[in-house]
Amino acid sequence: EAQVTQNPRYLITVTGKKLTVTCSQNMNHEYMSWYRQDPGLGLRQIYYSMNVEVTDKGDVPEGYKVSRKEKRNFPLILESPSPNQTSLYFCASSNPGGGYEQYFGPGTRLTVT
Amino acid sequence: AQSVAQPEDQVNVAEGNPLTVKCTYSVSGNPYLFWYVQYPNRGLQFLLKYITGDNLVKGSYGFEAEFNKSQTSFHLKKPSALVSDSALYFCAVSNTGKLIFGQGTTLQVKP
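Protein chains in written order, with the numbering used here: chain A, -4 to 108; chain B, 3 to 113.
It should be emphasised that the hints constitute simulated quantities derived from the structure, not laboratory data.
From the three backbone atoms N, C-alpha and C, an ideal C-beta is built for every residue, glycine too.
The list that follows gives simulated cross-link-like pairs (lysine-lysine, DSBU-like), each with its CA atoms no further than 35 Å apart: (1) A:K13 with A:K60; (2) A:K52 with B:K100; (3) B:K51 with B:K24; (4) B:K51 with A:K52; (5) B:K112 with B:K71; (6) A:K60 with B:K100; (7) B:K112 with B:K51; (8) B:K24 with A:K52; (9) A:K66 with B:K60; (10) A:K13 with B:K100; (11) A:K66 with A:K13; (12) B:K100 with A:K66; (13) B:K100 with B:K71; (14) A:K60 with B:K51; (15) B:K112 with B:K60; (16) B:K100 with A:K64; (17) B:K79 with B:K24; (18) A:K52 with B:K60; (19) B:K71 with A:K52; (20) B:K60 with B:K71; (21) B:K24 with B:K60; (22) A:K66 with B:K51; (23) B:K100 with B:K24; (24) B:K60 with B:K79; (25) A:K64 with A:K52; (26) B:K112 with B:K79; (27) B:K51 with A:K64; (28) B:K60 with B:K100; (29) A:K13 with A:K52; (30) A:K12 with A:K52; (31) A:K13 with A:K64; (32) A:K12 with B:K100; (33) A:K52 with A:K66.
Examples of chain B residues toward chain A, derived with CB under 8 Å: (34) L46; (35) K51; (36) K100.
Simulated restraints, written as ranges between beta carbons of each label pair: (37) A:E(-4) with B:Q110: 26 to 32 Å; (38) A:D54 with B:T74: 19 to 25 Å; (39) A:T0 with B:S5: 30 to 36 Å; (40) B:Y41 with A:S62: 29 to 35 Å.
Can you make the complete structure from the sequences, with help from the hints?
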């Protein structure tokens, strides 16, 4: 089954404790992206990757890191999480180009206390 | 700058009635337009998209959307709403590969 998987689905952590949210897709997509969803703000892009070893900042990259060492994986790293990073996070993948729909993972709900 | 506006936070409709969820956009050049739906505790699912051609686009679950270039709108429609259509709907625009989302509209369909 074609899908995007994320782990963990739920995470409660404390300020400053490094964490990684994994994302993997099995559709051989070149483009991958991370979003955060906050009430009233829709989805905002954090980082994206056009291909392996190619990543770039989205609209809200502060406090986040990413890497793309393999085509299928695109982990999101929070080196020192803060409470304002409490949010719902989505990973997505697609074929390259603006006309392709993105496939979304199930989401990771992160709470930073 | 590209932007998407969904002017209604919530739309309420009775089951069996037609529904419309509104979306307007601002983007330079020719946009690609999308609608996604999010059910509770789920990721976003693609509903439909406009790339070029016919202004009326048909998608999943009986939904359709009308592209209006002069009004820069891309409203989502369905002729007869179902209770199971109740969800959060997002409009999105792209012309460079990056998706810009609206803030979302909650659709509530009452029996």
